[in-house]
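Visitor: Sequence:
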Amino acid sequence: MKSRAAVAWEAKKPLTIETVEIGGPKAGEVLVEIMATGVCHTDAYTLSGLDSEGKFPAILGHEGAGIVREVGAGVTSVKPGDHVIPLYTPECRQCKTCLSQRSNLYPAKVEMARKFGMTDFINPREIGNDKVVQAIQDLTDGGADYSFDATGNTDVMRQALECCHRGWGESIIIGVAEAGKEIATRPFQLVTGRVWKGTAFGGARGRTDVPKIVDWYMEGKINIDDLITHTMPLDEINTAFDLMHEGKSIRSVVIY
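Under UniProt numbering, the sequence shown is numbered contiguously, ending at residue 256.
Worth flagging that the hints you see were computed from the coordinates, not collected in a lab.
Even glycine gets a Cβ: it sits at the ideal position worked out from N, Cα and C.
Some clues are possibly wrong.
[Claimed, not checked] Simulated restraints on C-beta separations:
| id | residue 1 | residue 2 | range |
| --- | --- | --- | --- |
| 1 | 69 | 197 | 24 to 32 Å |
| 2 | 28 | 200 | 18 to 26 Å |
| 3 | 245 | 203 | 27 to 35 Å |
| 4 | 140 | 24 | 16 to 24 Å |
| 5 | 124 | 200 | 43 to 51 Å |
| 6 | 9 | 141 | 14 to 22 Å |
| 7 | 112 | 142 | 37 to 45 Å |
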């Protein structure tokens with residue numbers, strides 16, 4: 001069957017809308033008609049050419065939602081017509097990892113962040129990058145209990161660790177750094193009790209945990225709508241990348 005897709009032909013070039021041929025699902029596979037998809041910084045990372053695992057041409061995207069149209073032999077978990085969220089991390093529910101319960105600076109953003117509970121804001125451009133760690137420690141009475149880096153910038157990762165409170169502070173790396181980049185800090189930062197670790201997909205087990213999150217959203221327990229700051233048709237997908245790079249969007253969603 002034929003479908004439209006936004007194709008990345010080479011690094012640092014706009015995506016082009018193409019008609020592509022899609023084969024039917026093989027054994028264990030599912031054919032999903034994507035109805036909407038988020039545009040993520042990870043997509044921009046691959047498009048930048050800095051992703052060592054990125055290959056071109058490519059059809060990017062891993063935040064889709066759609067409807068099952070066909071299933072391959074042996075598929076019993078879904079059927080045609082089901083509304084689904086494709087996951088970029090599998091969960092077989094059989095291996096040790098899946099059975100474990102543990103895992104599987106832009107000022108205009110201030111108003112939005114306060115809406116979601118932010119109480120304080122530090123702008124490195126105003127105080128200087130070399131003063132960020134001290135500013136956070138002063139603000140938090142000696143350091144943060146937890147910090148999270150979603151930038152993929154290894155310099156910021158170090159700051160996120162070193163602003164944590166000695167003895168118990170934890171810094172979690174979420175952002176993906178470009179190929180060849182390494183993180184570094186003085187061993188003393190860890191010897192004095194700080195913890196540095198990373199997570200993918202928040203440690204969630206996709207097939208087990210994502211349905212719960214969907215239920216929370218449907219029940220009004222969590223606010224996702226306000227995180228979607230822009231929507232656009234497929235033909236305008238490059239605008240989503242522009243908004244991301246300009247720091248003007250939290251999440252853009254392409255509607256098919």
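Visitor: Checking each numbered hint in turn, tell me which of them this model violates, lowest number first.
Guide: When the structure is compared with the hints, numbers 1, 4, 5, 6, 7 turn out to be violated.
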